[in-house]
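There are 2 protein chains.
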Amino acid sequence: MKFFVDNYDLNAAISTATKALTAKSAVNILEGIYVDASEGKLHVKCSDLSLQIETEIPATIEEEGVIVFPGRIFADIIRKLPNDLVDISVEGTTAYIKCGRINTTIQCFDAQEYPEMAPMYMSEGINISQNKLKSMIRQTKFSASVDESKGILNGILVEVKDNNLTMVALDGYRLAIRKEQISGSTLVERAVIPPKALNEMANILEDSDEPVKMHLSMANAMIDLGHTKLLTRLLEGEYIKYSQILPKEYEIRVKVNRQEFYESIDRASLLARENKNNLVKFSFENDYLHITANNEIGKINEDVPVQIMGGSIDISFNSKFIIDILKNLDDDELYLDLTKNISPCVFRGIRGDEFYYLVLPIRPSLA
Amino acid sequence: MKFFVDNYDLNAAISTATKALTAKSAVNILEGIYVDASEGKLHVKCSDLSLQIETEIPATIEEEGVIVFPGRIFADIIRKLPNDLVDISVEGTTAYIKCGRINTTIQCFDAQEYPEMAPMYMSEGINISQNKLKSMIRQTKFSASVDESKGILNGILVEVKDNNLTMVALDGYRLAIRKEQISGSTLVERAVIPPKALNEMANILEDSDEPVKMHLSMANAMIDLGHTKLLTRLLEGEYIKYSQILPKEYEIRVKVNRQEFYESIDRASLLARENKNNLVKFSFENDYLHITANNEIGKINEDVPVQIMGGSIDISFNSKFIIDILKNLDDDELYLDLTKNISPCVFRGIRGDEFYYLVLPIRPSLA
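Here the protein sequences come in this chain order: A and B.
All letters in the first sequence, in the order written, are residues 299 to 665 by this note's numbering.
All letters in the second sequence, in the order written, are residues 299 to 665 by this note's numbering.
Bear in mind the hints are in silico, worked out from the structure with no lab data behind them.
Watch out, some of these pointers could steer you wrong.
Because identical chains share one entry, a pair is satisfied inside a single copy or across any pair of copies.
[Unchecked claim] Listed below are the simulated EDC-like cross-link pairs for lysine to aspartate or glutamate, each with C-alpha atoms no more than 20 Å apart in a straight line:
no., residue 1, residue 2
1, 574, 612
2, 597, 374
3, 378, 572
4, 396, 561
Computed from a predicted structure; not experimentally measured.
Let's have the full structure, built from the sequences with the hints guiding it.
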C-alpha cells in the first residue's frame, strides 16, 4: 500500500471522520482511523459501531490497500506536518510517513480485524438543503430528554410524509416540532435518531444551500453529502403519539418581540429559585408582560411591552425551557398561545408552521 | 447611599475587580464586591486577602456610602442589564437597582465587616510600559515551579537594580531571566510575586505603550495603572542565588530559526516517551540539527538546517521545556549555547540580553 496525498486534504478528512470516534473504546481498533486507498481516492472512516463517518479525498495511489492507523497519534502527526505532499507507504502493519525532511514510522492495526457496521438498505432518499437540516436539528434537540433512563426520548423523531420532513423532540415537560418541505422518498416514514448522531450531523452540515440526501431504513439513517457520509443506528421502540397531546385551541394570544422577551427572562432567571425548577412568574395584562422572580438573595421585576389578544392571565414557567426556545429561534416576533394557568403554552411563528413549541406551566400550588 | 452610573462602565469595573475573587471563600463576605461611592467616583474592589484589585469609574453620587454586594449575582445582574444609566440606592444592607423598566432588590453585606489588606509602604515606584511588563511575565512564568511544595519557587523573583527591572523564574530543571530598562526607585531591590498575582497582572495589563507604575515593599507589591491598582502580598523566604549557577562559557554556539525549531520539536514530542520526561534527542552536526524521538507506537526523525559554530554534539532534552521557551518568544532567530551533553544549554537573543534561558539536559544514561 502506497499513496501520495495533499496534507491539507488529509487533515480535513481526519477531522471530519474522527467526529465518530469515542475517546476510549473497549475495542482497541475502534480508536483507529480506517484508510482505504483505491481507485484514485482515499476513503477515511471512523466508527463506534453505532455511528460511522466516512469521507473521501483525491490521492495518487501507487499501490492500493487498507490499513487502520492508531487514531489520536496519526491525527496529531498529520495535523503538525507542514501543508505539503505527504508520502505514506505501509508494509504489513508498519506505516512510513514522509513529508519533506520529516520521517515517521508508526505501528498500525490490521484492517481485516476492523469491525464493520452492517450496510443499510438504501432507497431513493429525500433531498433538503444543508442549512435547513442543520437548523431543524438545532431547533429541536434541546427539547429531547437528557435523562438516559428515558431511552427513546433522548433521540429526535424524524417523520417523512406528504413531501414534509418533520422533526420532533419531547421530554415530558416540553415538546418541539420543526417542519420543512422536501422531495424524494425513504423506506420508512418514522425513525428516531440518537443524540450523538444528531450532534455530529449538525457539525458536518454546512451553513449553505447545498443539498444533502437523507436515507431512512428500519435500522439505520444516513446523510450523504457526496464526499462525506454519516451512518447511524436508530433508537429502537415506539415513540409517543405526540399529535394527540397538542392542544386544539387557545383563549389568549400574545405577540412578543423575541429578543426583548429573551433578555427579560434571562435576567429574571438569575433570581429564580433553582430548587423550584427555575420558577419565573408571568402576568399578562393591558399589553404588558410583567415578569417576576425571587429567591433568598433578592427579587426582580420587569415590564415588557407585548400585544395581548383575549384577556389577562397569571402563569409560571421553568425559565430554562422558555430561554431554550427563544435563543434557538431566529424570528423577530412570535405568538404565545395560552388557555389556563395549568394548560400548556404554545409558541408559534407569526407566519407559517415551520416550528411549534409546547411548554407545560408550573402549577400554581408550586408557584 | 445612592448613585447613578453608566452600566457599561460598571460592567468593566466589575470584570476587572472580580479577577481577584476566589470562587468559594471560607469568609462569605470575601465573595462580595466592595463598592465605595464618594467624591464623584465609584471605587470597586475585590480581595482574597493575598491579592486585591481596585478600580474606579465616574458616577453621579447623590449620597455617599459603602456597601458589599454579593459577588456572583451582582456581577450577573449588571452584565445582563441593557447598556443604560443604572440607578442604585442602598438602605441598610438592601440594594435597589433600577434600569429602565427593570427593578431588582438584593441583600448585601455590611461594608464595616469587610476585612482589609494592610496598606503598603509606598515609595516613588518604578515606571515601565504596560506591554513590556506583560511580556516579562509571559516570558518567565512558565519556568516557575508548579509544585506547591516548592514554596518560593512558585513565584517570580523581581529585581530592581541599576535602572534595570529583572524577572527570574526557575524550577530546578530550567531557569528564565528577562530584563528591561526602567526609571524610578522602590523600597526594596528584591521581591517574589506569587503566581496568581502574576496571572492577574498579565490579565489587566494592556498591549500598549501606556505606562504602569510598580511599587515594591518588604511585604507587598503593587502595580498602578491610574484607574486600577493591583496589590499583592509577596512570597516569603530567601530566593535561590541564581547568578551563581549560570555557566560562564560555552563550546558550541548554534543559530536556529525559532519557528522552524519550534515546529520540529513540537512534532517530535508526539512520539516522545512521556514516562521518560518527554525525551527528545538532538544531534548537532554539519549545519543540521537531527531530531529524533521514539516510543512504543513509533518513531520520528527530522533534519533542521541550523548554523553550528564550534563542533558537533549529541544531547537529549525534555521537549516540553524547550517548547515552552520557543513558543513564548517573538524573535525570528536565537542562539543555543552548548558545552557538554551533561551541561546546561543556554538560549539567548541574537542581539541584546533581554532574555536568557537555561535548560538542563537529560543525562545520557537515562536517554
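Cross-check of the supplied hints:
no.: 1; hint: 574 to 612; verdict: within (17 Å within a copy, 67 Å between copies)
no.: 2; hint: 597 to 374; verdict: between (51 Å within a copy, 14 Å between copies)
no.: 3; hint: 378 to 572; verdict: between (46 Å within a copy, 18 Å between copies)
no.: 4; hint: 396 to 561; verdict: between (54 Å within a copy, 16 Å between copies)
Violated hints for the displayed structure: none, as all numbered hints are satisfied.
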